[in-house]
Amino acid sequence: MRVEFAQSMINAFDKNDNLVFITGDLGYMALEKVQEKFGEKFINAGVAEQNMITVAAALAHEGFIPWTYSISPFVTLRPYEQIRNDVCLHNLPVKIVGNGGGYGYGIMGATHHNIEDIGALRILQNMRIYVPFTVSDVEQAVEQMIADKSPNYLRLNMGAKISQPVAPFNQWRKIKDGTKGVVVGTGPVTENILNSEFADDLEVWVVSIFPIVELPSELVSSVNTTQKLITIEEHNGECGLRETLSYHLMNHLTSNIKILSLAASGYPSGKYGDQKFHQAENNLGGEGMVKELSAFLC
Amino acid sequence: MLLYGALNIKNRFLGMYKQANAGHVGCSLSVAEMLTFVRFGWMKDTDEIILSKGHAAAALYSMLAEDGTLTEDDIKTFYQNNTYLAAHPPVNKIKRIPFATGSLGHGLSIAAGLGLAQKLKKTDKQVFCITSDGEINEGSTWEAALFIAHHNLNNVVWLIDRNKLQGYGRTEDVMKLEPLADKLRAFGFEVVEANGHDFESLENAKSKSQRATKPTAIICNTTKGNGWKTYEDKVDCHYLPMKDDQYSLITEEVKRDFEKRLTAIG
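Going down the list, the protein sequences come from chains A and B.
Quick note on the numbering used here: the first sequence kicks off at 1 and runs consecutively.
Quick note on the numbering used here: the second sequence kicks off at 1 and runs consecutively.
Do not rely on the hints blindly, as some may be mistaken.
To be verified - Calculated cross-link-like contacts (lysine to aspartate or glutamate; reagent style EDC-like; alpha-carbon spacing at most 20 Å): (1) A:180 with A:200; (2) B:122 with A:200; (3) A:276 with A:81; (4) B:119 with A:116; (5) A:41 with B:124; (6) A:15 with A:40; (7) B:93 with B:66; (8) B:122 with A:116; (9) B:121 with A:14; (10) B:121 with A:116; (11) B:119 with A:40; (12) B:206 with B:74; (13) B:125 with A:40; (14) B:121 with A:17; (15) B:125 with B:200.
Stated by the list, open to error - Partner residues are not named here, just some residues of chain B that face chain A (Cβ under 10 Å, in silico): (16) 102; (17) 103; (18) 110; (19) 146.
Hints are computed from structural coordinates only; laboratory data are not their basis.
Small disclaimer: the values here were computed from a predicted structure and weren't measured.
For each residue, glycine too, the CB sits at the ideal point set by N, CA and C.
Based on the provided sequences and hints, a complete structural model is requested.
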């Protein structure tokens, strides 16, 4: 999604020169054209993310719409207090872009992964999180974030490749119908179910904006009818989609349902590999996911 | 006149602390003249002041009452339930407090961002940031210093309340800052040293800063708890509230100091 994101920023600057782009010294072979386009409004803040976030907050206070960019953990967890105090408490429109949410940085290792970002940020006041599903979502998400006067986080990853058509970017999108259970996923990892042998039987939804405030009635109805809910997220389930969705669903349940949570637990074997390796290890893809789904749906 | 301003500001915040039976008295006594000087002797009305050492909020509120931003009725709510005037500056509620502070190490980055914004907007607005010396321990302060120097944000003036005391000891015992001036110079600042309680000295620092082409860091040498003889230059004055007799002694000392200075300038 990095290429699409860079192009989206270039397009957005044509419409709104109040944008400022700040990178935490990353973006090689990705941001060069953004730099050229933004001119003096492209700033490399160096490897100093705490300062970068607060500088962005102050720029937002002065009427700019600053975009801060780095690898996901470096731009979210490292400067967490700056995001909380200087951005979120003041409800300033700082746009935080984290590349490689989840296991996106694969073999780069645990320090470059982020399976806590959505959970850590969704609980902050005024924060809204955007999680594109396909590459086509990126430009729409960027446009919505510019219109959004709140602090935002954009979680970039590899776009999902699926055969089904996908509606324009929105918080809730139903990808397909099915009768044996309901899947709610966030982010491109949802493609692993859509591209699996179980897809035909499942109704699949993607949620792309957090926090969740309310649920689509059609989704609630399907969950009550099928009585089986599967959540999938390349993220810790405790603070992620599983937890927030369960809470919102509780008030709407009219039948007993079973839940299967497919979520990132970390590093079960302590070993590293590419993104697909980590997904498989966490039963988010591969044989582990197949086994979990088979057992749950039988 | 600055002397009268400082007297009013001190008397007001001493009364606030007494009424609230609150600590941080020494932190405000340390920074009182610096705040007075920046607000009434230096900054334009459109400029910004960031009190990064938010624990001296009472001094800031008192200064804002002195310039008419806050009313005396507002001041009476300090530390009470249902007030905007918390022990540390609040979020989005008071003109001239653009950012809540209190967690140390944020203010200089705020000043950096505000300074950068003025450069981009091509305004002549200046940003004054007052930090403590203890918060120079924070890595983010040094990140901000690098950023300010690199971008030559000479519309930012960094004033350091160098009282040499921090939360649990003397700065040089906890984590050595010296040679502080050399460090700041090496980071790219025009470094000026001043007596942070003396307006003439602060005026000289202002002149040097205005001649500088680089961003300025003014090391304002101060005494924590200045005027509170019992606890002056002791960690205690950071935390302890004033007892009745101490309050009387401090206010007398503040008055005596004011009269001495007034006499000195004739």
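Outcome of the hint check:
With a C-alpha separation of about 9 Å, the suggested pairing of residue 180 of chain A with residue 200 of chain A holds against the 20 Å cut-off. About 60 Å separates the Cα atoms of residue 122 of chain B and residue 200 of chain A, which puts this hinted pair outside 20 Å; it is violated. Distance check on the hinted pair: residue 276 of chain A and residue 81 of chain A sit about 32 Å apart at the alpha-carbon level, beyond 20 Å; violated. Between residue 119 of chain B and residue 116 of chain A, the direct Cα distance comes to roughly 36 Å. Violation of the 20 Å bound is thereby established for this hinted pair.
Taken as a hint, the residue 41 of chain A and residue 124 of chain B pair is honoured in the structure, with Cα atoms around 18 Å apart against an allowance of 20 Å. As the CA atoms of residue 15 of chain A and residue 40 of chain A are separated by approximately 17 Å, the hinted pair is consistent with the 20 Å bound. For the hint pairing residue 93 of chain B with residue 66 of chain B, the CA-to-CA distance comes to about 18 Å; that is within 20 Å, so the pair holds. Taken as a hint, the residue 122 of chain B and residue 116 of chain A pair is broken in the structure, with Cα atoms around 40 Å apart against an allowance of 20 Å.
Restraint check: the Cα-Cα separation between residue 121 of chain B and residue 14 of chain A comes to about 18 Å, which is no more than 20 Å; the hinted pair holds. A threshold of 20 Å between alpha carbons decides the hint, and for residue 121 of chain B with residue 116 of chain A the separation of about 37 Å lies outside it, so the pair is violated. Note on residue 119 of chain B and residue 40 of chain A: the hinted pairing holds, with a Cα-Cα distance of about 10 Å set against a maximum of 20 Å. Only pairs whose Cα atoms come within 20 Å are accepted, and residue 206 of chain B paired with residue 74 of chain B is rejected, the gap being roughly 32 Å.
About 19 Å separates the Cα atoms of residue 125 of chain B and residue 40 of chain A, which keeps this hinted pair within 20 Å; it holds. As the CA atoms of residue 121 of chain B and residue 17 of chain A are separated by approximately 12 Å, the hinted pair is consistent with the 20 Å bound. For the hint pairing residue 125 of chain B with residue 200 of chain B, the CA-to-CA distance comes to about 24 Å; that exceeds 20 Å, so the pair is violated. Nearest Cβ of chain A to the Cβ of residue 102 of chain B: about 8 Å, under the 10 Å cut. The hint holds.
Hint status for residue 103 of chain B: holds, given a least beta-carbon distance of 6 Å to chain A, under 10 Å. Hint status for residue 110 of chain B: holds, given a least beta-carbon distance of 5 Å to chain A, under 10 Å. With its C-beta approaching chain A no nearer than about 7 Å, residue 146 of chain B sits inside the 10 Å limit, and its interface hint holds.
In summary, the structure is inconsistent with hints 2, 3, 4, 8, 10, 12, 15 from the numbered list given earlier, while agreeing with the others.
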